[in-house]
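Student: Guided by the hints, dock chains S and V onto chain C, whose structure is given.
Residue numbers (our numbering), protein chains in the order written: chain C, 1 to 359; chain S, 1 to 109; chain V, 1 to 130.
Be aware that a few hints might be false.
Examples of chain C residues toward chain S, derived with CB under 7 Å [what the hints assert, rightly or not]: (1) TYR59; (2) LYS178; (3) LEU182; (4) VAL186; (5) ASP190.
Away from chain C, derived, C-beta distances all over 12 Å, residues of chain V [said to hold, decoys possible]: (6) LEU29; (7) ASP48; (8) LEU63; (9) ARG66; (10) PRO68; (11) GLY89.
Straight line, CA to CA, 30 Å or less: simulated BS3-like cross-link-like pairs of lysine-lysine [unchecked claim]: (12) C:LYS231 x C:LYS85; (13) S:LYS89 x S:LYS67; (14) C:LYS194 x C:LYS178; (15) S:LYS17 x C:LYS178; (16) S:LYS67 x C:LYS52; (17) S:LYS53 x C:LYS85; (18) S:LYS7 x C:LYS52; (19) C:LYS52 x S:LYS68; (20) S:LYS88 x S:LYS104.
Hints were generated in silico from the structure; no laboratory data involved.
It should be emphasised that the depicted structure is a prediction, and the values quoted were computed from it without experimental measurement.
We put the beta carbon where it would ideally sit given N, CA and C, even for glycine.
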Amino acid sequence: MGQRTIIPFGPQHPVLPEPIHIDLVVEDEKVIEAVPSIGFIHRGLERLVEKKDFVEFVYVAERICGICSFIHGQTYCQGIEEIMKLEIPSRAKYLRTIWGELSRIHSHLLWLGLMADAFGFESLFMHSWRVREQVLDLIEATTGGRVIFGSCKVGGARRDITPEQMTWLLKQLEVVEKEMHLIVDVFMNDSSVKHRLCGVGVISKADAISLGAVGPTLRASGVADDMRLLKYAAFGELDFEPISRTEGDSYGRCAVRCAELFQSVDLIRQAAAKIPAGEIAVKVTGTPSGEFFSRVEQPRGEVVYYIKGNGTKNLTRFRARTPTFANVPPLVKMLGGCELADVPVLVLTIDPCISCTER
Amino acid sequence: MAFFQMKKMILAWTFRKPVTTSYPFEPRKICPGSRGRLDVKISECIFCTICDKRCPTQALDVDKVNKKWRIDRLRCISCGYCVEVCPKKCLLLTGDHGIPTVTKEMETF
Amino acid sequence: MIDEQTIIDVMPETLVAETRKLCEQGYRLVQICATRLGEELQMDYSFDLNRKFVNFRFLLPKLGGRVPSITGVFFCAFTYENEISDLFGVQVEGNALDFKGNFYTTAMKHPFIQDAVPASVPAPAKPGVQ
Numbered sequence: 001m002g003q004r005t006i007i008p009f010g011p012q013h014p015v016l017p018e019p020i021h022i023d024l025v026v027e028d029e030k031v032i033e034a035v036p037s038i039g040f041i042h043r044g045l046e047r048l049v050e051k052k053d054f055v056e057f058v059y060v061a062e063r064i065c066g067i068c069s070f071i072h073g074q075t076y077c078q079g080i081e082e083i084m085k086l087e088i089p090s091r092a093k094y095l096r097t098i099w100g101e102l103s104r105i106h107s108h109l110l111w112l113g114l115m116a117d118a119f120g121f122e123s124l125f126m127h128s129w130r131v132r133e134q135v136l137d138l139i140e141a142t143t144g145g146r147v148i149f150g151s152c153k154v155g156g157a158r159r160d161i162t163p164e165q166m167t168w169l170l171k172q173l174e175v176v177e178k179e180m181h182l183i184v185d186v187f188m189n190d191s192s193v194k195h196r197l198c199g200v201g202v203i204s205k206a207d208a209i210s211l212g213a214v215g216p217t218l219r220a221s222g223v224a225d226d227m228r229l230l231k232y233a234a235f236g237e238l239d240f241e242p243i244s245r246t247e248g249d250s251y252g253r254c255a256v257r258c259a260e261l262f263q264s265v266d267l268i269r270q271a272a273a274k275i276p277a278g279e280i281a282v283k284v285t286g287t288p289s290g291e292f293f294s295r296v297e298q299p300r301g302e303v304v305y306y307i308k309g310n311g312t313k314n315l316t317r318f319r320a321r322t323p324t325f326a327n328v329p330p331l332v333k334m335l336g337g338c339e340l341a342d343v344p345v346l347v348l349t350i351d352p353c354i355s356c357t358e359r
Numbered sequence: 001m002a003f004f005q006m007k008k009m010i011l012a013w014t015f016r017k018p019v020t021t022s023y024p025f026e027p028r029k030i031c032p033g034s035r036g037r038l039d040v041k042i043s044e045c046i047f048c049t050i051c052d053k054r055c056p057t058q059a060l061d062v063d064k065v066n067k068k069w070r071i072d073r074l075r076c077i078s079c080g081y082c083v084e085v086c087p088k089k090c091l092l093l094t095g096d097h098g099i100p101t102v103t104k105e106m107e108t109f
Numbered sequence: 001m002i003d004e005q006t007i008i009d010v011m012p013e014t015l016v017a018e019t020r021k022l023c024e025q026g027y028r029l030v031q032i033c034a035t036r037l038g039e040e041l042q043m044d045y046s047f048d049l050n051r052k053f054v055n056f057r058f059l060l061p062k063l064g065g066r067v068p069s070i071t072g073v074f075f076c077a078f079t080y081e082n083e084i085s086d087l088f089g090v091q092v093e094g095n096a097l098d099f100k101g102n103f104y105t106t107a108m109k110h111p112f113i114q115d116a117v118p119a120s121v122p123a124p125a126k127p128g129v130q
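Bound conformation, chain C alone (with noise of 0.2 Å):
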């Protein structure tokens, strides 16, 4: 038995430019242990409901985080929406869907290159992140922001996607899908990236259920659970079977992205083939009154927003429950008995996103 030292990892490490921290507690080169602390940034803006008026709120509730921007602002949306009771147009939902699914393509394509960079493949890094720029070009086109996108609104969408502008969105993704092949397929083939991936942090099924685990890191340990089943937005008409692997280490975790990306593309051409015309909002008149607990599929994971509304234009209770925070326990199941090399690529796996998890 080796001698026991405790290796601080983070708040600041190459590897991940956001604060967490987590003591490793290492015999020779092993993990035994991991001992999380997040909270270095915690920005309070739970409370800040109690400032700002409810259609407001959505500004705030989209800067959550910046890469899942879009789907918070949703998020928020809906569960406003469900406790007023308001039906919003058909259109404005598979806007909805179309704005989600893009921004889980970027947000996917962006988790790959960071992956890529963990474990030291520079060039591919650079070609996910080139290929998740034209994505983006796609998303400001469309919505007039890069990564905040602001076109959802309590009642609907606030822009419309015109029918010139969806065919080029088609062509484009055509393009963009192509470029997502070959980088997909490096990920899934090369021997050197599975060298680092293949039966590294495995997690089992139980595992996953017992430590609360969410979105591809659920996924990949064989448990087909997918928010999108909600059929919130336009799901419940869209052909969408969620994907899962039985593997449960890395590779799967990576697996999984890999062919939510290509699942992304094709419920957005479903989406583009069936989006009705007509109006994209409603009307908001009165206030919120009553209570709600929206679940709506990020790209990390299932984000619950407890909404509570007592009729005044503040809402009493703003509660979010981000993808990344369910993540951490199995990220420390996770580190407990692997190598200290493999840390940081077991730290990416999660997806982590601590500007979520210290909303």
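Tutor: Frame of chain C; chains S and V shown alone:
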């Protein structure tokens, strides 16, 4: 299992132009419809202060008495809420994203 | 309604036993959250099985509330339990991984049960208005 799966892609990109631009000399191509700087057609403005009241970041300061419309560019998040609520439709978001600044100043119209 | 949400009232004393029942049926813990309602705290424990949403709810006094820890059933509850003890000052008894109030770095103790911003923190002034 394939060894160095990326060789084809890397070879192909050796002979292509870089996708990056030399930024300050060659400005970024901005998509039409991008939300950039807020612009006001001051001759049409009636100083109703609705934009001031609705602005989620309190970036606008509209003075009804002195007929002054002021904006803090560093606070503005280009969300376009003021554009939507303006009764005269004299506000618009331009595609221009502005130049970097070193001072915090209010711009007055 | 997007999905059915069942809200069940429980007592803090029976919380652990009720949670264990759900755990044995294969539910996973979705979240734990506290909500301040005037002088009371409303505690919500949410669980999910194949998108069937179940929520346990009970009330606590605003100050000095105590709850038993459910980390013995769901270990992952430690993040939520540390969060409510840091932000709301609820005492969680028997937390398997207790950070003892150091999970979040906050400027003041238990910020989420405070009434308003204290006078020492100046309100942000409107730009340019002197």
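Student: Run the structure past the numbered hints and jot down the numbers of the failing ones, going up.
Tutor: 2, 6, 7, 18
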